[in-house]
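Undergrad: What follows is the residue order along each chain.
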Amino acid sequence: MSGEILVLSEHVAGVIDNVTYELLTLGRQIADEKGIGLAVLVLGNQTNALQDALSESGADVVLVADDLSLETYSAEVYAAVISDVVRERQPMMVLTGYTYFGIEMSAAVATRSGGSILSNCQDLNFNGDKPVVVRPMYGGTLLSRIGINGPAPYVLSFEKGALPRVELSGKTAELVSVPVAIEPATLKSSTIEIIKAAVGEIDIKKANILVSAGRGIADKENLTLISELAEALGGAISCSRPVADMGWLTPEYQVGISANYVTPSVYIACGISGASQHVAAMRDSGLIIAINKDANAPIFRVAHYGIIGDLFDVIPAMIKEAQG
Amino acid sequence: MLNTIVCTKAVPGFITDPRVSDKKDNLEYEAGTIVINESDDYALEEAVSLKKKLGGTVTVISAGTLTAQKVLQTGLAKGADNAIRIDVQLTNTTQTANLLADAIRQTDCNLVLAGVESRDNMAAQVGLLIAENLGFPFSYAVTKIQPGNEEGTLKVTKEIGAGLKQCESIKLPAVLCVQTGTTPTSFVPFKKMMMVKKKPVRTYKPLDLESGREIADGPAFKIEEVFPPSESAMAEIIVGSNEEIASKILQKIKEAI
Numbered sequence: 001m002s003g004e005i006l007v008l009s010e011h012v013a014g015v016i017d018n019v020t021y022e023l024l025t026l027g028r029q030i031a032d033e034k035g036i037g038l039a040v041l042v043l044g045n046q047t048n049a050l051q052d053a054l055s056e057s058g059a060d061v062v063l064v065a066d067d068l069s070l071e072t073y074s075a076e077v078y079a080a081v082i083s084d085v086v087r088e089r090q091p092m093m094v095l096t097g098y099t100y101f102g103i104e105m106s107a108a109v110a111t112r113s114g115g116s117i118l119s120n121c122q123d124l125n126f127n128g129d130k131p132v133v134v135r136p137m138y139g140g141t142l143l144s145r146i147g148i149n150g151p152a153p154y155v156l157s158f159e160k161g162a163l164p165r166v167e168l169s170g171k172t173a174e175l176v177s178v179p180v181a182i183e184p185a186t187l188k189s190s191t192i193e194i195i196k197a198a199v200g201e202i203d204i205k206k207a208n209i210l211v212s213a214g215r216g217i218a219d220k221e222n223l224t225l226i227s228e229l230a231e232a233l234g235g236a237i238s239c240s241r242p243v244a245d246m247g248w249l250t251p252e253y254q255v256g257i258s259a260n261y262v263t264p265s266v267y268i269a270c271g272i273s274g275a276s277q278h279v280a281a282m283r284d285s286g287l288i289i290a291i292n293k294d295a296n297a298p299i300f301r302v303a304h305y306g307i308i309g310d311l312f313d314v315i316p317a318m319i320k321e322a323q324g
Numbered sequence: 001m002l003n004t005i006v007c008t009k010a011v012p013g014f015i016t017d018p019r020v021s022d023k024k025d026n027l028e029y030e031a032g033t034i035v036i037n038e039s040d041d042y043a044l045e046e047a048v049s050l051k052k053k054l055g056g057t058v059t060v061i062s063a064g065t066l067t068a069q070k071v072l073q074t075g076l077a078k079g080a081d082n083a084i085r086i087d088v089q090l091t092n093t094t095q096t097a098n099l100l101a102d103a104i105r106q107t108d109c110n111l112v113l114a115g116v117e118s119r120d121n122m123a124a125q126v127g128l129l130i131a132e133n134l135g136f137p138f139s140y141a142v143t144k145i146q147p148g149n150e151e152g153t154l155k156v157t158k159e160i161g162a163g164l165k166q167c168e169s170i171k172l173p174a175v176l177c178v179q180t181g182t183t184p185t186s187f188v189p190f191k192k193m194m195m196v197k198k199k200p201v202r203t204y205k206p207l208d209l210e211s212g213r214e215i216a217d218g219p220a221f222k223i224e225e226v227f228p229p230s231e232s233a234m235a236e237i238i239v240g241s242n243e244e245i246a247s248k249i250l251q252k253i254k255e256a257i
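Chains as they are written, first to last, in the numbering used here: chain A, 1 to 324; chain B, 1 to 257.
Take the hints with a grain of salt, since some may be wrong.
Here are some chain A residues the structure puts well away from chain B; computed CB gaps all over 10 Å [to be verified]:
no., residue
1, 32
2, 35
3, 112
4, 179
5, 220
6, 313
7, 316
8, 321
Here are the simulated lysine to any residue pairs, SDA-like style, with alpha carbons at most 20 Å apart [claimed, not checked]:
no., chain 1, residue 1, chain 2, residue 2
9, B, 248, A, 323
10, B, 248, A, 129
11, B, 254, A, 319
None of these hints come from the bench; they were simulated from the model.
A virtual CB, placed ideally from N, CA and C, is assigned to each residue, including glycine.
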């Protein structure tokens, strides 16, 4: 097999995101098995600290695209730079997160390099030289094993938290600068501003116990029950995306990759099915308890304890028990 | 003026007995009610709302079997002017996107809206692959679409993760993948659905379109198997009366804090 494995790194506020280390762990394993190289690409402006963080993370090469034009994320500019790197280096495989960044980059990189794309992967194996991935369907109630017949590079995005992360050390990676040739006049988009979430009185990230409401609570009025349980336990309430989408709670209460990552000691998911975007943002909680009528709900795959039943029966009993 | 085309997908509310097709290129199943994919519904609402504000037309498009027609009729009942269906059901996102792009190219649209992710295939790529095929700029997880400061542009706000949003100016023609929750979705009364039933739906067979011939060459992906998630990853299920469950769970909570 020719080519290398290329990991597209992600960073927020000057810190490399965990999904990058998860991808590097997977990439290192395949690179060793196949006897090929592992490269990681970092894009940004003044990336010295990011380069340092990646230099001993298992990669053989850290590719650095450092330019003022990459200071603020732009899907158009980043896709152009990454696609140039992929066309130049012709990796066998490009690994990225199934994240806002990875989703936006995958289609462009695969199309512009003539490769094949499979997104939202959880596991990877090989059939000869061809990748075989496992990915969810139908809200995660079903998994499919899919083999790629199409051409390389194989652009694969992985769900954050789905892959194990192993601390990789050893040799220091070679730093290679990659050219950034962006012609501003040709661009079809430009950033006006980056908007940070309003900081209100609510900060669910600080709560030690979170009682979280999902679509299964069925009605806005039933939030009272969720609040009563939170109060009885000395915790706070939060919610999944549908509850915020319906306007039952404001986005500051929302747990998910678009809103808040939380790691309370106890997370109680009430009527939450467990979409990957939600799970990725709460799976590191200490104790996870899920209450759901649907025994097949994916939330039961991440919870430590589950109650398959009607939350309107179970929660009042929990409130009574907590109040002693 | 905006001529918007909205990519919509008909998805089953639930499925039973899933199995791989003989050609290993698709999934077969018994389906419950067919509904419009959630984020596509929001994209449709955005398109109709933009038409009211800025004028122009709205066309709904779907790649799907005859059952997808219901979703297109929902689009027409909500205010779309035209409907297009490509008579094919594919699991492969690249092939689906290429067919949709071929059909979109034959319209005079200058804005393509799609949802962020389909409930069944969960790939989140079709809209973005259409953008690449057509050479349009793109924006994913869009939460707000406004007229731009310059002619021929839109001002778009999108999620970029961890509570951050990016507001950008994007030149038309463009592809925007709309996030859920952008605007309340409307209910379509039965009478309105009946009224649009006779509206024509332009229908393509895959071979009417350029990329249809590639599909005939064989699938680029092979579905080897479908299976339920591992039981070993399952939570320990607490059983008993409500009181017993409450007592056991509270004990676990006490131990954890």
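Undergrad: For every hint, state whether the structure bears it out.
TA: Status of the hints after comparison with the structure:
Residue placement check: residue 32 of chain A keeps its beta carbon more than 10 Å from all beta carbons of chain B (closest about 25 Å). For residue 35 of chain A, the condition that its CB be more than 10 Å from all CB atoms of chain B holds, with the nearest at approximately 26 Å. The claim that residue 112 of chain A lies off the interface is violated: its Cβ sits roughly 7 Å from the closest Cβ of chain B, which falls inside the 10 Å cut-off. With a least CB separation of 22 Å from chain B, residue 179 of chain A remains clear of the 10 Å interface cut-off, as annotated.
The beta carbon of residue 220 of chain A sits about 13 Å from the closest Cβ of chain B, which is more than 10 Å, so the claim that it is off the interface holds. Listed as a non-interface residue, residue 313 of chain A fails to keep its Cβ farther than 10 Å from every Cβ of chain B; the least gap is roughly 5 Å. A Cβ of chain B approaches the Cβ of residue 316 of chain A within 10 Å, the least distance being about 8 Å, so the stated non-interface status is violated. In this structure residue 321 of chain A is not separated from chain B by more than 10 Å, as the shortest Cβ-Cβ distance comes to only about 4 Å.
At roughly 15 Å between alpha-carbon atoms, residue 248 of chain B and residue 323 of chain A fall within 20 Å of each other, so this suggested pair holds. Between residue 248 of chain B and residue 129 of chain A the alpha-carbon distance is near 50 Å, which puts this suggested pair outside the 20 Å criterion. Proposed proximity of residue 254 of chain B and residue 319 of chain A is supported: the alpha carbons are some 14 Å apart, at most 20 Å.
Going through the hint list in order, the structure does not satisfy hints 3, 6, 7, 8, 10.
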